[in-house]
Amino acid sequence: MSDAAYIAARGVLKPLLSLLFAVRSSGAEFVPKDGPLIVASNHVSYLDPPILGCWFPRVIHYMAKEELFRVPVLGALIRSVNTFPVNREQGDRAAIRHALRVLKDGGVVGIFPEGRRNLDGEAQARSGAVLLAATARCPIVPVALVRTHLAARQLRAAKVEVRIGAPLQFQGTERKATKTELATWTDAVTRRIGELMESNADPKSEDPGVLLRR
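Just so we're aligned, residue 9 is where the sequence shown starts under our numbering, counting upward by one.
These are calculated hints, taken from the structure and not from any lab test. Keep in mind that a hint or two might mislead.
[What the hints assert, rightly or not] Below, a list of computed lysine-lysine pairs in the DSS-like style, where the Cα atoms sit at most 30 Å apart:
1. K112 x K187
2. K112 x K73
3. K167 x K41
4. K167 x K73
5. K22 x K167
6. K112 x K184
7. K22 x K41
8. K187 x K73
9. K73 x K41
10. K112 x K41
11. K73 x K184
12. K41 x K184
13. K73 x K22
14. K112 x K22
If you're wondering where the values come from, they're calculated on a predicted model, not measured in any experiment.
Working from the sequences, and respecting the hints, build out all of it.
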């Protein structure tokens, strides 16, 4: 894994994306400057990972479906910028261990809880993000990517927004979280992302959320 390659790629991509699309970002002040962190975002376009990666203030280690790594050139490219594979159809212990190592080293793991691109908002979010957060005892920063699905067709006519929200912190006892707790927390993260996506949402007005494990 190389943060240098990621930073170099961002240095090239961000000016290019800024020329192609009108991108506005807000809420960067909510992102802790260091320490382990999970970024959870909605996913509506193949442009989501590069746009989020360019406008999020820290280096992200993305968890991505393993099928992408089988594509010639693309697989090597995304691996070079800290992306790692996950099998979405079954519990992938190797991917979980990798993510936990990143978090243990104080890094940032990026997850799209819906698991795939989802334009209609009806996909069921998965509990991977909150499971990692509960295990690593680190915050989740919710992010709403707005109108990225229009960007490729409309270019600068699409006003793309990256709305970063206040972190959700999982605290409490050392015991393992129950399925009910994971489902409740996943709903809370999904709800926060949905609130950020609303047109009148103001990420800067939010207070950090705290979810307590009892």
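So, going through the hints one by one against the coordinates:
no.: 1; hint: K112 x K187; in the structure: holds (24 Å)
no.: 2; hint: K112 x K73; in the structure: holds (22 Å)
no.: 3; hint: K167 x K41; in the structure: holds (27 Å)
no.: 4; hint: K167 x K73; in the structure: holds (28 Å)
no.: 5; hint: K22 x K167; in the structure: holds (16 Å)
no.: 6; hint: K112 x K184; in the structure: holds (18 Å)
no.: 7; hint: K22 x K41; in the structure: holds (20 Å)
no.: 8; hint: K187 x K73; in the structure: holds (23 Å)
no.: 9; hint: K73 x K41; in the structure: holds (28 Å)
no.: 10; hint: K112 x K41; in the structure: holds (15 Å)
no.: 11; hint: K73 x K184; in the structure: holds (26 Å)
no.: 12; hint: K41 x K184; in the structure: holds (28 Å)
no.: 13; hint: K73 x K22; in the structure: holds (24 Å)
no.: 14; hint: K112 x K22; in the structure: holds (28 Å)
Figure legend: structure checked against the earlier numbered hints; every hint is met.
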